[in-house]
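A.B. asks: So you can see what is in the structure, the chains are spelled out below.
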Amino acid sequence: MIVEGSIALVTGGASGIGLGIATDLLNKGIKVIIFDINQNKLDVLNKNFIKYNVDITDYELVQETINDIIKKYKRIDVLVNNAGVIYNEPLINLMNPSNMKHSYDNFKKNININLNSVFIMSSIVIEQMVLKRTKGVVINISSISANGNAGQTAYSAAKAGVEAMTKTWAKELGAFGIRNVAISPGFIDTDSTNEALNSQTIKHIKRNTPLKRLGEVVNIAQGIVYAIENDFVNGTVLEIDGGLII
Amino acid sequence: MNEKLKKVLADVFNLKENDINKDLTKDDVSSWDSLTQMDLVTSLESEFYIELEMLEIASLTSVKTIIDTLINKGVNLDS
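From first to last, the protein sequence lines stand for chains A and B. So the first sequence is residues 1 to 246, counted in our numbering. So the second sequence is residues 1001 to 1079, counted in our numbering.
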């Protein structure tokens, strides 16, 4: 379905994997709308992107912004739910005996950023796809951590939820020709990976990845194009992880 | 330094045994975090047949405190 003139919306598209995806789609002749919470990063982007400074956990703001986009551009063909934040905190921290438990506030905050935001974006955009009879595709960026990763209770739970929503919506919306696909990256060489993990951990990950390296942003962008172009792919979680199993 | 303890620490923190010495603290070892602390506790308990109390676990932030704790638990580290 990838055709010049299609309209794609990429959340968290001003840096890292999101920017790689957005750039790849732009180069294929697609009109790309970027949502990002970081105005400074939006300011320095290629002028061919349509840019919105949006907090995607703010339901009302997302609704207003999508209404504005529909008014201006008529439809959205592709939604890439990429925005998210890697977060590490063990359930029990032996190094902090006076307060060992995972913070409940941090848990809720991370579920809000990594799971609730996907619900907010998708429900609002898919409503427009149904109203406009757009045979669109929603691509949710999950993570290898959806399988459960030590030290990532909130992040793993959120990403497992994202995969469950993907499969649910694939079943609910297939009749409308709206497809839902998840992409589950392994460890990708981005600033956020390098900020979240120390060098020792990254070495360990490389050693345990059959391909012995981190993935590149372009590998994820290639998965996005595959999910858009192959219109019999629906409810699938596409793993792009170099063969790593956690 | 006790060879068995060196091996435990090298395994837990993914270090070379030659890099382990008495002056090492958690600030010197990037892999010494809340998750490897759990490995450290279970490895020390199983290798040296001891059971650590919460306060002892909290004190394990350097090789020196690990050695002191093991000695206090009656472990002979002379060999």
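Treat the hints loosely; a few may be bogus.
Straight line, CA to CA, 27 Å or less: simulated DSS-like cross-link-like pairs of lysine-lysine [said to hold, decoys possible]:
#1 B:LYS1016 <-> A:LYS206
#2 A:LYS206 <-> B:LYS1006
#3 A:LYS206 <-> B:LYS1026
#4 B:LYS1007 <-> A:LYS167
#5 B:LYS1026 <-> B:LYS1004
#6 B:LYS1016 <-> B:LYS1006
#7 B:LYS1073 <-> A:LYS206
#8 A:LYS171 <-> A:LYS203
#9 B:LYS1073 <-> A:LYS203
#10 B:LYS1006 <-> A:LYS203
#11 B:LYS1007 <-> A:LYS212
#12 A:LYS109 <-> A:LYS167
#13 A:LYS101 <-> B:LYS1022
#14 A:LYS132 <-> A:LYS71
#15 B:LYS1004 <-> A:LYS47
#16 B:LYS1006 <-> B:LYS1073
Worth flagging that the hints you see were computed from the coordinates, not collected in a lab.
A.B. asks: Given the hint that B:LYS1006 pairs with B:LYS1073, does the C-alpha gap stay at or below 27 Å?
C.D. replies: Holds, at roughly 18 Å.
A.B. asks: Under the criterion that the straight-line Cα-Cα distance not exceed 27 Å, is the pair B:LYS1007, A:LYS212 satisfied?
C.D. replies: 26 Å, holds
A.B. asks: Given the hinted pair B:LYS1026 and B:LYS1004, is their alpha-carbon gap at most 27 Å?
C.D. replies: 19 Å, holds
A.B. asks: Does A:LYS206 lie within 27 Å of B:LYS1073 when you go C-alpha to C-alpha?
C.D. replies: 38 Å, violated
A.B. asks: Check whether the Cα positions of A:LYS206 and B:LYS1026 lie no farther apart than 27 Å.
C.D. replies: This hinted pair holds, its Cα atoms lying about 23 Å apart.
A.B. asks: Would the hint linking A:LYS132 and A:LYS71 be met if the CA-CA limit is 27 Å?
C.D. replies: Measuring from Cα to Cα gives roughly 12 Å; hence the hint holds.
A.B. asks: Decide if the proposed pair is consistent with the structure: B:LYS1016 and A:LYS206, CA atoms, cutoff 27 Å inclusive.
C.D. replies: Distance of about 18 Å is within 27 Å: holds.
A.B. asks: Do the alpha carbons of B:LYS1073 and A:LYS203 lie within 27 Å of each other, as the hint requires?
C.D. replies: With a Cα-Cα distance of about 35 Å, the restraint between B:LYS1073 and A:LYS203 is violated, given a limit of 27 Å.
A.B. asks: Hinted pair, alpha-carbon criterion (27 Å max): A:LYS171, A:LYS203. Please report holds or violated.
C.D. replies: Not OK: A:LYS171 and A:LYS203 at ~40 Å, beyond 27 Å, violated.
A.B. asks: Is it true that the CA of A:LYS101 sits at most 27 Å from the CA of B:LYS1022?
C.D. replies: 31 Å, violated
A.B. asks: Please work out if A:LYS109 and A:LYS167 have their alpha carbons no farther apart than 27 Å.
C.D. replies: 24 Å, holds
A.B. asks: Does the structure keep B:LYS1007 and A:LYS167 at a Cα separation of 27 Å or less?
C.D. replies: 46 Å, violated
The earlier numbered hints that this structure contradicts are 4, 7, 8, 9, 13 and 15.
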